[in-house]
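S.K.: Construct all of the structure, not just a fragment, from the sequences and the given hints.
So you can see what is in the structure, the chains are spelled out below.
Protein chains: 2
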Amino acid sequence: MAEKMVVTPWETRGEIDYDKLIKEFGTEKLAEELVKKIEKKAGKSTHFLRRKIYFSHRGLKKILEDLDNGKDFVLYTGRGPSGETHLGHLLPYLFTKYLQDAFNAKLYYELTDDEKFFTKEKLSLKECTGFAYDNALDFIACGFKSENTRIIIDTKDIGLLYPIAAKVAEKTTFSTAKAVFGFSNETNIGWIFFPAIQASVAFIESELKGKRVNCLIPCGIEQDPYWRIARDVAEKLGYPKPGAIHGKFLPGLKQGGKMSASDPSSAIWVTDSEKEVDKKIGNAFTGGRATVEEQRRLGGNPEACNVHAYYFFLFEQDDEKLARLYDDCRKGKILCGECKKDLAKRVNAFLKEHMKRREEARKHLKEYLLK
Amino acid sequence: MAEKMVVTPWETRGEIDYDKLIKEFGTEKLAEELVKKIEKKAGKSTHFLRRKIYFSHRGLKKILEDLDNGKDFVLYTGRGPSGETHLGHLLPYLFTKYLQDAFNAKLYYELTDDEKFFTKEKLSLKECTGFAYDNALDFIACGFKSENTRIIIDTKDIGLLYPIAAKVAEKTTFSTAKAVFGFSNETNIGWIFFPAIQASVAFIESELKGKRVNCLIPCGIEQDPYWRIARDVAEKLGYPKPGAIHGKFLPGLKQGGKMSASDPSSAIWVTDSEKEVDKKIGNAFTGGRATVEEQRRLGGNPEACNVHAYYFFLFEQDDEKLARLYDDCRKGKILCGECKKDLAKRVNAFLKEHMKRREEARKHLKEYLLK
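Residue numbers (the numbering used here), protein chains in the order written: chain A, 1 to 371; chain B, 1 to 371.
If you are wondering where the hints come from, they were derived from the structure by calculation, not from laboratory data. Check each hint, because a few of them may be wrong.
Identical copies look the same in the list; a pair holds intra-copy or inter-copy alike.
Claimed, not checked - Straight line, CA to CA, 25 Å or less: simulated DMTMM-like cross-link-like pairs of lysine to aspartate or glutamate:
| id | residue 1 | residue 2 |
| --- | --- | --- |
| 1 | K29 | D19 |
| 2 | K20 | D278 |
| 3 | K371 | E207 |
| 4 | K211 | E127 |
| 5 | K29 | D101 |
| 6 | K61 | D101 |
| 7 | K340 | D272 |
| 8 | K41 | E65 |
| 9 | K120 | E235 |
| 10 | K254 | D342 |
| 11 | K126 | E207 |
| 12 | K236 | E186 |
| 13 | K120 | E207 |
| 14 | K106 | D134 |
| 15 | K371 | D157 |
| 16 | K333 | E303 |
| 17 | K52 | D101 |
| 18 | K126 | E235 |
M.R.: Written out as structure tokens, the structure is:
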């Protein structure tokens, strides 16, 4: 029996039903009309939208309408720094880069070292802050430019965040936070306050500019509860409601679920060696049959295959080629071994380039940090 | 019937029974032995201790023993900046000054602008921060030297406070905060987090020095719940438990209760004009009789007299003279009118000097602020 679906900012497990998530979170399906508007602005299409990897939103329509009327927006994305970076973390960065290029938008990237300290029993605050600086390098390596990108590390930049967060917090009761995040009496008071910190970044630009500036947040749908809080209080505080565009999770290499920082072998980490990548992908859960003979005769099932998912999410962005791969699998023309080998090659090439850029990023980190 | 006693960090009303408070808060009566130790160190006595205006403590004995063994401590006091300063606010400053001189101790003075914003519905954060800078002048005017005194304004200095507060918060559940502070589901999440901020100041010196430094907190007993939280988590975080020495409340001019910022006429504000002082004291609640004739015959009741309380708390520090005043009142030798007139003269002289120092403080404020 499939495990019950659980999707919160702190935990994702079970078989994910994205249509159900749209209903549960109360968000909107990303309509074709909005996709076209974005792609037109970008001047190019992206597999992230064509394949509905970004599939849901909140308030995007209004932000794009405002843009038509000459009102710019800023982008805001982030990461909870509880460990090194894996491929699943890079997806939203890459989509955000596409949006930033499309709209020539300023971007805030938040590293929530405080959150990870509040929510992960085994991590010290120092460790979380350390991971934040480490994760920032992977973010920069995705090609963001320092001219229009600012990296926020919560404990370092709390001077800017706290006065805004205080205003959000003052308008948010425990009762509301409990309903939205499932807090209990045993939740620590840092964790309870934290949603105000995460919401505050959506209002930074309005605060700094002294006028209403829209904010669009590309993120996993599990982050949506924060934007519900942010949208609830925005108008009361004189800020525009932030919008969000929600992505799907890159599956882990094992059967089901999200890539998990708590099970390192379920994910490909940017620091994995070629050999480790080969081995992990070699051992990945696929939609293949028990024997070569069966595979040739009955074909594989790319729908249930993590290896195919990696092509789908990132490593084969050409739709025709992806369709061929899909068909070949279905018809038993290609075996899991070949398919895995090819993916491993692509992943290793990607990581080699990424790690080169990551080293380069070290020299420039300071240019991205808030003063 | 006397109003029920309520003493919390945010509200004080009813007739105060200090012995009962010691029991309710679970603190210790300030023993004569500790008073003597302090006065010996100071090289002089103070009416604040002789008259048991500071009457209770938590952990003071240990801090003084540590001092005997060569371990210094820092002092920490503060104010919630929800308005201008009245005489009731100056009492702890003056006692703290006595302690600072006695022990040649570094002092942290915290202005909790965030707290007042979280807890006072009508105040904006900007207003609270404005009051903080204003209150700081009255604090400096009490004679503190910038060499060993640091003023903390929460929203301004959150960069230093937050990482320490985060560690306190991570060890404090909603359940604990609820039990200690009486929070409910309708309490806002800023207020819920705030105890971690207030507790964090007790640990600053340990954090900055990278070693365990004791901290003694002179304050009203209503602040004690914060130190309970701070003491609860201290050892888990590698900090020594802070100690506190608790003062009584200067009564308001009206019958019963603390001086109240919400009823301006109940208090004498540092900015009151001579005429206002004369008028307020002229209208003060006393222990006098209905008529002059009765007063001469039966005598007054200084125990129930706010005017006498002002002499007791600050304006007659000579015990013999105070005793004479008390007796003269009891025996009907002095009438309320005379007594009030003399007090008003003393208060006005005090305020004149204070306001002069306050103006002077403006020029030096920066020297006291944290970098």
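S.K.: Please name the hints from earlier in the document that this structure breaks, with their numbers sorted from lowest to highest.
M.R.: Hint 2 contradicted; others consistent.
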